[in-house]
Structures are given as C-alpha cells and as structure tokens.
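> Be aware that the sequence shown starts at 0, since it is given in numbering that gives the first Met the number 0, and climbs by one per residue.
These are calculated hints, taken from the structure and not from any lab test. Mixed in with the good hints there might be a few duds.
Claimed, not checked - Think about it this way: if two alpha-carbon atoms lie no more than 35 Å apart in a straight line, the pair counts; the simulated DSBU-like pairs of lysine-lysine are: (1) K458 - K97; (2) K267 - K156; (3) K267 - K120; (4) K135 - K183; (5) K238 - K97; (6) K380 - K452; (7) K67 - K126; (8) K457 - K430; (9) K320 - K73; (10) K302 - K430.
Fair warning: this is a prediction, and the values are worked out from it, not measured in the lab.
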Amino acid sequence: MTRFAIIDIETTGIQFKQGKITEIAILIYQNGQIVDQFESLINPETSIPFEITRITGITNEMVEQAPKFYEVAKKILEITHDAIFVAHNVQFDYSFVKEEFSALGYSFSRKKLCTVQLSRKHFPGLKSYALGNLIKHFNIEVTDRHRAYQDAMATSKLFHLILHANDHATDFMNQLVSNVKDAKLPGSLKREDVDAIPDEVGVYYMCNEAGDYVYIGKSINIRERIYQHFSETGYKVSKMLRQVHRIEYTLTGSELMAQLLESSEIKKYGPEINRAQRSSKDQYAMYRTLNDLGYFQYLIKHKEWLDEKADVVQLFSSQKKASEYLDYLIHEYHLCEQVNSLKKNEQLPCYRYQIGICLGACAGQETKESYNERFEIMHQKINRFFQRNFILYDKGRSESEVSVFVIENGFCNAIGYLDKDISYEQPEVLKESLKSFRGNIETNGIINQYIKKHPSLKKIYF
C-alpha cells in the first residue's frame, strides 16, 4: 500500500537558499491512518529573526540544545523511504529539506504531492486555500498553529478529506499515485536489478556498454541515490540515460570510507560524467612536481588539463590568485624563482638571490638536497590539517568489524577494516592489516569535516 510522508517545517525565513529549518514533523499516512511519525526541533546554527519567533513561537533558546540537521538526516531518509512527500505548498517544504541535504553532500529526491493544488481541484470556489482558511472551513481541530507537528496533523486531516472527497476513494488514490512522476531508467537497466542493490552505505559505479566507468558516486543509501539520479533532469542525467548499461557497487559500512573511496576512485578512473560536472568556481590548481634537474617546484595549471594523479596543493578561482599565492610562498619560504620556473634566466641568479631572499639554488650556493628538504617541510606545513598522528575508528560493514583510518604526518596513509574484538598494540602492526592510502589536501578536508560532524568517534593518538 502506498505510503505518504505528510511533512511540515518551520524555518528562519522564506528563502530556502538563505533560510534554515528550525523544526520538522513527519507523519506517515497509510491505509487511512497515521502509522509512524517523527518530530524534532532543529538547531539551525544561525539566529532566528524576531519576526519569525513572533509567528512560530520558536526561540533561539529552544533550539540551542536541539540536534543539528545532520544529526536527524538519517532518520528523515529512513522514515520517508518509498513514501510520497506531501505538504501544503509542497515546493516550500521540499526545497528547504532538499537544500539541507545538499549542504551535507546528499541529493534528496522524493515524489511530491501538494495539498494546495489538490484542494483547489477538489474543493473549488473557496476564498482562500491557505492552510489556516482550510482549517476553519473544514473545522479541523488544531491546538497550536505554526508549529510543525500541529500543521502536519492538520495537513494529514485535509489530505484524508481530499482522498475521500470522491466516492471511489481507492481508485482515486491509485490514480493520484500513478500521476506522480517516477524514475526513468536507461533502457539496458532493469528495475529489478536496481531493486537488488542494497539500501546501505557505499560507492556505486555506473558502467557503459564497454564496461568503462562513466560515473562514480557515494551515498548512505546507494539504491535510493541511484533512483534519485534517474528521477532528476538535466545534462548529467541525460548522459546517464544514454550511456549507463550496468551498475556495480562496493559496500563500505562507514560514510567516511565511502567518501574517501569515491575520491580516490574518481582520481584513478577519471569517469566522463564526473569530469563534466566539476565545479566551475575553482578552475586553477597549484600542484607539486619535480623539474628536469630534480628540484621540487609548484606549477599552476587549469583543472581541465591536470593529471588526475597530480599532487594538488590548492585550488583557485583564477590564475592571477594562484600566481599571487605562489609568489607569497616563494618569498615567505626563501625559494628560488628560477628553480620554480617563474622567471627563467640561465645566465644570472634570480633577483631574490641578489636581494638576499633566495638562498642560492640558482647560483650554486644551495644543494638540491637542501632545497628539496626545505621545500618538503614547507609543503607539509601548508597542507597539514592534523598536527598529531592518530587512528580513527568508524562503523564497519558488519557488527563484527570496524573501519580504520590511520592519519600520520598530516595525511591519511592507510585505511581498511579490522575485527572489532582484536586489539593491536602498535600502529605499524595495525597498518599491516590495512591497505595503503595516498592522502591529499582533498581527503584531509573530507576527514576533517567528518570528525567535526561526528565528534564522538574513537581516536587513538600515537
């Protein structure tokens, strides 16, 4: 039987791009009754304007100790799974929920129904279709307007009236559900094949007819995420519909493991659709390499021409900004312009050597070994998120194991899974049971953000 998730939210404003959710209520309507529900205040991590508090009664003090959205996100996904998203003016509620998930790097997608539109169709001629007016018109009992649970309950009663406004309520509901847009799959993919994909955390690989990966993604629910892709519109989805012939997946148990695996796999395989959707904001990369003489140097290149395995230090919105930062590093760390190929003059030492900033690699006064040693120290310093070595533990793929991440000398260098009941005294012994991993500035950011969102994760320093 069809499940309907009747949802109401309270927010800090009316624009979903600027506002945040302060309260959410979800009522699962099935077979004419409420069979499940979830409600919670949410800490918006921003101040609630006075005029909003005046309307909703929700104060900054009320949400101060409330969970942040990411802490209730999994519950929202679970309770709305396979349900149609129903709300009064559904685009408002749906846009806010979708935007909150987007901020977490997740694309939320559900079929939608709007009780405003349904009310106009089935109860024509009313002066207003605002929820307050419909509550009065149908004598719907509400104790506390403009609070999520009470408004969701009122919407559920209105929805029940709509379904039973027709003499053939069951036929009407079936017709209603059939009219809601469903996901369209590529011709070579069978729905039962996608249904067989687990609704668990992992990485998925979309393959073309030749078996090449054209898109790699991660999700806390890979089956649901795949369906979301094909229910969306746009250039990326049209390419998927044309090219995807098969979907592979790897379960990770840990969301962090999925994020790191996705990052490394995209770098390894360079899938076509992933490349096409790269952010246009930061187009220039500064990366480390060796010059022809064996000296370390930083070069700047447009991302389009960058090798996927390049040791990227930082991304920039323009070549000018990248060059300015590189110039700062050369000055601050007494590097050589000639060695770094900024200003090449084989006949003369660089200008910075003449004024006492460069230590003389271009004049035979500093050895390659000394220069590269100083360069490496600088490289580690500007890239280092983590000042101490530690082992991080997260969920495994089953109850009997844990996922493990070793962060050493500022970067993650080993990942994998261990038996939960086996203890390892020394990090080097532990690492023998893991896979080596090449951490970089991007994966440091991923790990850092994950730890911030999950501060209770077990960490052992060494």
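> Hint compliance check: list the failing hint numbers for this structure, sorted ascending.
Violated hints: 2, 3, 4, 7 and 9; rest satisfied.
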